[in-house]
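With chain A's structure known, arrange chain B on it following the hints.
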Amino acid sequence: AQKVTQAQTEISVVEKEDVTLDCVYETRDTTYYLFWYKQPPSGELVFLIRRNSFDEQNEISGRYSWNFQKSTSSFNFTITASQVVDSAVYFCALSEWGDYKLSFGAGTTVTVRA
Amino acid sequence: NAGVTQTPKFRVLKTGQSMTLLCAQDMNHEYMYWYRQDPGMGLRLIHYSVGEGTTAKGEVPDGYNVSRLKKQNFLLGLESAAPSQTSVYFCASSPGASGETQYFGPGTRLLVL
Chain A
1 AQKVTQAQTE ISVVEKEDVT LDCVYETRDT TYYLFWYKQP PSGELVFLIR
51 RNSFDEQNEI SGRYSWNFQK STSSFNFTIT ASQVVDSAVY FCALSEWGDY
101 KLSFGAGTTV TVRA
Chain B
1 NAGVTQTPKF RVLKTGQSMT LLCAQDMNHE YMYWYRQDPG MGLRLIHYSV
51 GEGTTAKGEV PDGYNVSRLK KQNFLLGLES AAPSQTSVYF CASSPGASGE
101 TQYFGPGTRL LVL
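Which chain is which? The protein sequence lines are A and B, in order.
Numbering of the first sequence is given in this note's numbering, commencing with residue 1 and proceeding in unit increments.
Numbering of the second sequence is given in this note's numbering, commencing with residue 1 and proceeding in unit increments.
The shape of chain A in the complex, shown without the other chains:
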């Protein structure tokens, strides 16, 4: 069963628009961790954020913000005032307590047009 679902395959926006990426996860554990990674066209995976299941505070880092809602099992990511450099594939991932692997979603490709 897919543990992390990123329903949006591709999103295209014009520069300066806001874009929200959805991430829905599935787990029976009470202790788990959620991550977002960015994969720019150059191909590397860049770590963006880590959140544990006991911390539901939203977080903002510059133009990036994350909304964690345990009630809906979602961990959504918003880019405010998007820029061309934000064009990338974004992955949401889940790590369950006692499991070494990251379970990745299929990724959302974001294209920001000038």
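In case anyone wonders, no lab produced these hints; they're calculated from the structure.
Remember, it's a predicted structure, so these values are computed and weren't measured experimentally.
Where a beta carbon is used, it is the ideal one built from N, C-alpha and C, also for glycine.
Among the hints, erroneous ones may be present.
For each label pair, taking beta carbons as the anchor points, the in silico distance ranges come out as [what the hints assert, rightly or not]: (1) Glu26(A) / Pro39(B): 19 to 25 angstroms; (2) Thr30(A) / Ser67(B): 31 to 37 angstroms; (3) Pro40(A) / Thr20(B): 23 to 29 angstroms.
Derived pair list, reagent style DSS-like, types lysine-lysine, alpha-carbon separation capped at 27 angstroms [what the hints assert, rightly or not]: (4) Lys38(A) / Lys70(A); (5) Lys14(B) / Lys38(A); (6) Lys57(B) / Lys9(B); (7) Lys14(B) / Lys57(B); (8) Lys14(B) / Lys71(B); (9) Lys3(A) / Lys71(B).
This is chain B only, laid out in the frame that chain A set:
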């Protein structure tokens, strides 16, 4: 501080050939991982290691072997390459167990003809 590095960056193999992918990390991390990335499927764990001299199977281990003779290195081997192993391979490392952030290398693109 290079982080996680991978060698080679790109390789083309013929079916049945063998090769080894090398991963090195300079962060003194205990845990290391090999993932493969295929279109529309995110990344899937092949094998992982919880310390020098240890290895374990992940989600998709068939057709691959690994070794961790030194703490900083994690090797992924393909004994007899198949077209289904055409993929992008990522190595990662983390300081501890579940919940720790995994830091990824730049990836190796492998094409098996």
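Okay, the hints, checked on the actual structure:
Between Glu26(A) and Pro39(B) the CB atoms are about 23 angstroms apart, so this pair conforms to the stated range of 19 to 25 angstroms. Against the hinted window of 31 to 37 angstroms, the Cβ-Cβ separation of Thr30(A) and Ser67(B) comes to about 36 angstroms, which satisfies the hint. Checked against the given bound of 23 to 29 angstroms, the beta carbons of Pro40(A) and Thr20(B), roughly 28 angstroms apart, stay inside it. Taking the CA atoms of Lys38(A) and Lys70(A), the gap is about 23 angstroms. The hint holds against a cut of 27 angstroms.
Between Lys14(B) and Lys38(A) the alpha-carbon distance is near 32 angstroms, which puts this suggested pair outside the 27 angstroms criterion. Between the alpha carbons of Lys57(B) and Lys9(B) the distance comes to roughly 24 angstroms, so the proposed pair stays at or under 27 angstroms and holds. Distance restraint check for Lys14(B) and Lys57(B): the Cα-Cα separation of roughly 25 angstroms lies within the 27 angstroms cut-off, and the hinted pair is therefore satisfied. Note on Lys14(B) and Lys71(B): the hinted pairing is violated, with a Cα-Cα distance of about 31 angstroms set against a maximum of 27 angstroms.
With a C-alpha separation of about 31 angstroms, the suggested pairing of Lys3(A) with Lys71(B) is violated against the 27 angstroms cut-off.
The structure shown violates the earlier hints numbered 5, 8 and 9.
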